[in-house]
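With the hints as a guide, bring both chains together as one complex.
The primary structure of each chain is shown beneath.
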Amino acid sequence: MSASIALHAGSLERQETASTREPAWVRVVLVSVALTFFSVFLLLPLGTVFAEGLRKGWGAYFDAMVNPDAWSAIKLTLLVAVIAVPLNLVFGLAASWAIAKFEFRGKRVLITLIDLPFSVSPVISGLIYVLMFGAQGWFGPWFYEHDIKIIFAVPGIVLATIFVTFPFVARELIPLMEAQGSEEEEAAVVLGASGWQVFRYTTLPNIKWGLLYGVILCNARAMGEFGAVSVVSGHIRGQTNTMPLHVEILYNEYNYAAAFAVASLLAVLAIITLGLKTLVERQTRRQLQDIDTPSGE
Amino acid sequence: MASLRRFSPLPGFGLAMGYTLVYLAIIVVIPLTAVGAKTFTLGWDAFWAAVSSPRVVASYQLSFGASLLAAGINVVFGLIFAWVLVRYRFPGKGLVDSLVDLPFALPTAVAGIALATIYSQNGPVGKLLEPLGVEIAYTPKGVLLALVFIGLPFVVRTVQPVLADLEKEVEEAAAGLGASRWQTFCKIILPHIAPALLTGFAMAFARAVGEYGSVIFIAGNVPMVSEITPLMIITKLEQYDYAGATAVASVMLIISFVLLLIINGLQGWMQNRYARGA
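Residue numbers (the working numbering), protein chains in the order written: chain A, 90 to 386; chain B, 6 to 283.
One chain only, chain B, in its complex shape (with noise of 0.2 Å):
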């Protein structure tokens, strides 16, 4: 280790090191490896059939489509939510501030029973809505639902801090030479943000892919219709088909680690980029 890195008069470099990488062996790496060992004993006919099933596909097409889509609604209403939070004074912005993590600190089983309860027939939002013919509990919309409350705090936080460091004068060089509000948005504001909320869209994709607790309760887990990929994986592991629900699994983790990458590309962007003063 000594000669991979540089001297430092500080102890306990060795003990915290080695303690660090024994646990993270133990309880993260070798565990995550098992996944990839198991999925290559099945062969490659075995895999892609499992992967591929229709039902699978269904799946994939759902967690898939209503992520991207929450996480697009997401960037909506949390650039509105950092903007009031950072530029304006209203009652009750408090409350709304301590209260916008929620749905991280919400244990999902119970963010899922309640959004069960007041989207379905007799809950208080879906009894307004049956009238109308809309159905959320218990159908793909009811998956979009939960998914838009968990990615919510994930564009706000992302884009709160940057957006609060915007430089004021900016906006005034901007207005004194005559571009109106809008154009300041979309030409000054707008740009110095995107990388902000590119990470915020990014990460909240990739918690709702992934999202499992406060899913299952209002998806209602119709085959073919909203059953998303994670119970895929739980509804294998019922039936004992072990290595059916590792190929899947296997498949997410794939993905997770690309959007892992892109995750950290879009932050050492932000880093740069915000470092330098843009």
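Chain A with its partners taken away, still in its complex shape (with noise of 0.2 Å):
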């Protein structure tokens, strides 16, 4: 499912000669269709949020934020996403170093299996918890009776968000890994270094990008879940409620002002995210274009 959100490596312009033209009322409609679609669908979204969060003014904006109930959202969500990305990004390394170094038996079968919770709905994804921890759940009534709360608590918000944001960091990585082969850490092993030193000193300075790219898409998702999240939380205010279930309480309240307030907090990290993403296009590429022309050449 993430191929579509993988990096783009090289160039995806191309130089046209006559031959291989559109006439130019071709060229003309097809960029209009294109720019009509993208301002309908894309940027008139996203300027409405902005738009409705300032109905009712700069004044009315700030106060939808330090209101106790979205500033424990705002913590909530933080501190969900503090928990859930390093988990996944120790995952991701780890899984990433077995399946792109090693060559063993059932691989696909590993790498479909890493990859299910993408094509899992984010509405299952929170129920099979509440079938694991629920009161009626498997392990329910054990956790009950020792008095410790994982549905309609912060600890099931914490695993539906793990479970959906599972793939990011490993999807990014093995195929970059695998790409980049393994001659240049068996190198560092012939030369004497320790597993961590040429995991350190040779595998992540090739990766860190492809990392980064990761951490940033796992990130942004943890943050903005919605479904999955909302099937374990419970929407108790102040407690189990985290930012995108806090705008759907005021939204549903006719609060629209202090809901789409708080929503352009989490627009505006989808733009950091989508800018960085570029950002780290571009370094990859740089990278690749490096690896391409070897200086002294």
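A portion of the hints provided could be inaccurate.
[As the list claims (entries may be wrong)] Derived lysine to aspartate or glutamate pairs resembling DMTMM-like cross-links, with alpha carbons at most 20 Å apart: (1) A:K297 x A:E273; (2) A:K238 x B:E243; (3) B:K98 x A:E370; (4) B:K173 x A:E111; (5) B:K192 x B:E174; (6) B:K98 x A:E111; (7) B:K192 x A:E111; (8) B:K146 x B:E135.
[To be verified] Here are some chain A residues pointing at chain B (derived, C-beta under 10 Å): (9) F130; (10) V179; (11) K190; (12) S214; (13) T367.
Calculated directly from the structure, the hints in this document are not laboratory data.
Computed from a predicted model, the values in this text were never measured in an experiment.
For each residue, glycine too, the CB sits at the ideal point set by N, CA and C.
Following this line, the structure appears as structure tokens:
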């Protein structure tokens, strides 16, 4: 599912000659169609978030943010991301090391299993943890006896978020590390480097941009997840509401200005994510060009 | 493990593989098997009653119908986007290229309330459409619109690199042999990018079927009319009908797995085909 959000290696533009160029009117029509679609489907929703958030002025905009419920939603969202992203980062490194640097049977099956969370509906991603830890779930009664709340509490939200963001880092690193091969690492081992040294000084510098990109995507999804978190949260104000859930509550109470004010914070996060993505893509392209044209030749 | 893998001088296979498998089992495999286990405790009659009630069947029709249509629309517009981004220069191109991924990056709830506001009766577009008798928000059309929004980047980002790699010489040869531009497109370019288009279509469709956040605000959620299948799972959960929710979820999961296998197959086909330099 994530091939479409993979980094673009190489330039995606090309030069045309007269024989491979469409008539001017065709070009104008196609560009106009694309720009119209872009404005209506992408720019308009983004602009609406900020316009509606500021409809009642800057005062109301900031009031919506410093509201105690909004503030606790922001803190919970950050907490969830701070737990989920590093866990999936470590997993992504382990999985890509095992898959890209070694040959073993069942590799394709393993990759498919890692991809699985991308093809599961967010609602089901929440449901599975209700079935595990809910009052009637497999482990629910045991946790209930020990007075540990998972569903309708923070641990459930963290688990559901880990699930939906599970493949992001691994998915970026596996193709990157496979393309780079393991010759450099093998040379380092022959020269007497320890396992940690091989990773720290050989592998990490090669994968840093892909790793950063995976973490950016993972973080954006962790902070913005709605469906899965909605199922396990219980929507307790000030306690188990993340930012997207807080936006939903405000919107359903017809408090549109406040809903869009909080939503605009998430929209800013999305814009930063896309900006970093563009930056990382440029870096990767430069890195590839350096490989293609070694200096001194 | 050692007998299953080829020798490598690199360290850390056992540790990395062990950690990967344990984490995968705890987070993904065991929780997903809970759906299967719960479904089996239901018994066939209860299962069938849950997954074939008229309201649930209406939700399948909407979810699958709207998702197919949305993925089809995405193929057309996704191809146009990929085409102009690869081949033309125009003002704002950099911005368009960066923001095509917006539906991936924007939290679905934010997209949902924005779309619902734009297309409601008082919204900027809804206001224009109302005199024409076109209602989008709170109808199945609204569901379709949200799914088109969410699926666009899948097609653009799958087709774009394939289109960029297409050798110019092939098109020049076709033109040299007297083919019109349209003939070259239909007989040379389209067959070349067909696997990518199909993969993008399948990805957009798979995402649309399970989508929740961006749809529920604009859908209006009228029973039998504009309820999507993921919402039926939520509705059953809110009524403490865990068995019914799980039954519907298992139907969706099976369809998702089949789609995942199809997408994997398509990607394998793409890799073979483009690796050979066809």
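Going straight from one Cα to the other, do K192 of chain B and E174 of chain B come out at no more than 20 Å? holds (15 Å)
Tell me if S214 of chain A is really an interface residue toward chain B, meaning its C-beta lies closer than 10 Å to one of theirs. Nearest chain B Cβ about 9 Å off; hint holds.
Has the given pair, K297 of chain A with E273 of chain A, been kept, meaning a C-alpha gap of at most 20 Å? Answer holds: K297 of chain A to E273 of chain A is near 16 Å, not above 20 Å.
With chain B as the partner, please determine if K190 of chain A meets the hint condition of a C-beta pair closer than 10 Å. holds (5 Å)
Does F130 of chain A pass the interface check with chain B, least Cβ-Cβ distance below 10 Å? At about 6 Å, which falls below the 10 Å cut-off, the nearest Cβ of chain B leaves the hint on F130 of chain A intact, so it holds.
What's the verdict on K238 of chain A and E243 of chain B, does the C-alpha distance respect the 20 Å limit or exceed it? With a Cα-Cα distance of about 19 Å, the restraint between K238 of chain A and E243 of chain B holds, given a limit of 20 Å.
Are the Cα positions of K146 of chain B and E135 of chain B separated by 20 Å at most? holds (14 Å)
Can the hint on V179 of chain A be confirmed by a CB-to-CB distance to chain B that is less than 10 Å? This hint holds: V179 of chain A lies near chain B, its Cβ roughly 8 Å from the closest one there, short of 10 Å.
Was the hint right that T367 of chain A lines chain B, CB cutoff 10 Å? At about 5 Å, which falls below the 10 Å cut-off, the nearest Cβ of chain B leaves the hint on T367 of chain A intact, so it holds.
Proposed proximity, E370 of chain A with K98 of chain B (alpha carbon, max 20 Å): holds (16 Å)
What's the verdict on K192 of chain B and E111 of chain A, does the C-alpha distance respect the 20 Å limit or exceed it? Distance ~15 Å between K192 of chain B and E111 of chain A Cα, so the pair holds.
Is the straight-line distance between the alpha-carbon of K98 of chain B and that of E111 of chain A 20 Å or less? holds (18 Å)
Checked against the numbered hints listed earlier, the structure breaks none of them; every hint is satisfied.
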